[in-house]
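Please build the complete structure, drawing on both the sequences and the hints.
There are 2 protein chains.
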Amino acid sequence: MKKFMNDPHQFVDEMIEGILAAHPDQLACVANDLRCLIKNGHKKKGKVGIATGGGSGHLPLFLGYIGDGLLDGCAVGGVFQSPSAEQMLEVTKAIDSGAGVLYIYGNYGGDIMNFDMAAEMAELEDIKVQQVVAGEDVASAPKGEEGKRRGVAGIFFVYKIAGAMADSLASLEEVKRVAQKVCANVRTMGVALTPCIVPEVGKPSFTIGENEMEIGMGIHGEPGIHRGPLLKADEIIDQIMKRILADLPYKKGDEVSVLVNGLGATPKEELYILYRKVQQILKKEGISVFNTYIGEFATSMEMAGASVSLLKLDDELKGLISKQANSPFFAQLQL
Amino acid sequence: MKKFMNDPHQFVDEMIEGILAAHPDQLACVANDLRCLIKNGHKKKGKVGIATGGGSGHLPLFLGYIGDGLLDGCAVGGVFQSPSAEQMLEVTKAIDSGAGVLYIYGNYGGDIMNFDMAAEMAELEDIKVQQVVAGEDVASAPKGEEGKRRGVAGIFFVYKIAGAMADSLASLEEVKRVAQKVCANVRTMGVALTPCIVPEVGKPSFTIGENEMEIGMGIHGEPGIHRGPLLKADEIIDQIMKRILADLPYKKGDEVSVLVNGLGATPKEELYILYRKVQQILKKEGISVFNTYIGEFATSMEMAGASVSLLKLDDELKGLISKQANSPFFAQLQL
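Chains as they are written, first to last, in my numbering: chain A, 1 to 335; chain B, 1 to 335.
In case anyone wonders, no lab produced these hints; they're calculated from the structure. Treat the hints with care, since some could be wrong.
Note: identical chains are not told apart, hence a pair may lie in one copy or across any two.
[Unchecked claim] Cross-link-like lysine-lysine pairs, in silico, DSS-like; alpha carbons within 27 Å at most:
(1) Lys242 to Lys2
(2) Lys43 to Lys323
(3) Lys251 to Lys148
(4) Lys283 to Lys242
(5) Lys45 to Lys143
(6) Lys47 to Lys2
(7) Lys93 to Lys45
Written out as structure tokens, the structure reads:
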């Protein structure tokens, strides 16, 4: 296991200590718990708070999207583990300004259970809570069973757009509505080339042959839909795009935002070679590209691989995705 | 070789095609050459143009810093190869607005030779050119021989600050002066855990044992100063910081900007564990941190490893580093 670390059992806490030390003006922890993080500074009166949470090992997910025009707080779990309901509640209490709190998180059992519990506890403290569960990995469940799909990199779009909506002082119902609209219009599929190692485990949880790839693998190594020899970049994108385009389906005349996400160890050079083919296919299909995000948005530590997400846009979503945003891990000027 | 690519011989051109397709509003090529890139849009009359260049395989270096408040153009070479003098000249001609052009590039033989030649050719076309060669890797040559040092991630600071200065419509001499000031005040040292593979070669150019690291290795795999068993993160940072701090030397009361750079395959989680110790050491030394940059700023494709750079700041540099900047690979709001 070749990682820069000290004690594997301190991996997450030392990481958070580093993050807080690096960005003291932007982030703070509450309840004397390093794993309960919020945006530093004054709460904007009347602004809906947005909280997320999930396991560590996916930076910038999840805490990396706490920032202006994005999220207000995050409960941080161990590597690939859900944070507790109590931690989520602490974050909820810290970020509520009276307008209520929206939970946005990925479709994983532990997170759902704990966020549900946190929402109930928050209601007891007179905090209005609504929830949106993101799941858009087309490889994880067939069309018609969208509710079973894993949440992967596409959650970035939900954060970005709900964050911009909340910033406009929209109501909890309105922020929830737009977050759900994003969920309904985003689709993702990924491919993995190598596994990653959970520090406390010390060895890969699965293996992939030296010349193999697995299409559709999840960001915790969940099984994909096809394992086989490593294909050329264009062939991989052909397969991925075929599934994504057919799923929504995305059609001629649609306008999309495209996210090509690196899983951690894949260089940006390769992500752009992948995007080249994505763009060629979209052009051929008559689908226009509004804007692009290419880089690491949802990772699995040192896993090599990538995913492609498409978000179908309408005028409302275009307006919101264009807004300025700023966190220690993601900055965008007004488009 | 597990890379997302098609033909290894098309690796660079397909990457650039992807970049131009993804960021058409921000980037364009000139002279019908994909490898001659400039900022898209109108030239600002009276603004000094800043050009860089260098081998591919280091994204965001070099072309990734073409943007507002940053660079105006870049000549792109093959993987780890210098672009030609002719390509540099084309970029120079395209970005000159009459106020002259500053070349900023790393201290490598091929780049120096070609930029020198380009500068001579530009003078013949009545374009004023000045050059600043960045080299700050303390592992690559001893103190007293600073002119022999390799340029690595610290060149980001030179781009950022010279870019902000040029944006204020300062003269060529002034932009050069501030770029030189950054070079004089920045120091870097790195550590590598794994090699990378040049696509056209197909195999690693060197090996590092399964439990080994090499401190001081360059971003093309140039030999470092110590190879040995992989130490704990804190121990590695102790060694790196000792060398960096002693070299300038950085002293109690100094104020610095800190860059913790990932070489490509190292997850952000680990970079923050490294930063945690950097910050502890700076605090102990009485050196204060003005701001931080943590992520991938100068890479070696899929090489695992990291580097630490410190820039000693004065009021002028603080003002310039705080300015807004925006490129497809780097965005910063006004600090």
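Going down the list of hints, with the structure as the test:
1. Lys242 to Lys2: Answer is between; shortest inter-copy Cα gap is 23 Å, intra-copy 36 Å.
2. Lys43 to Lys323: both (19 Å within a copy, 26 Å between copies)
3. Lys251 to Lys148: Answer is within: at 24 Å inside a copy they meet the 27 Å cutoff, but 57 Å across does not.
4. Lys283 to Lys242: within (14 Å within a copy, 53 Å between copies)
5. Lys45 to Lys143: Classified as neither: same-chain Cα gap 41 Å, cross-chain 55 Å, threshold 27 Å.
6. Lys47 to Lys2: Neither. Shortest intra-copy (44 Å) and inter-copy (46 Å) distances fail the 27 Å Cα cut-off.
7. Lys93 to Lys45: within (14 Å within a copy, 53 Å between copies)
Hint check: violations occur at hints 5, 6; the rest are consistent with the structure.
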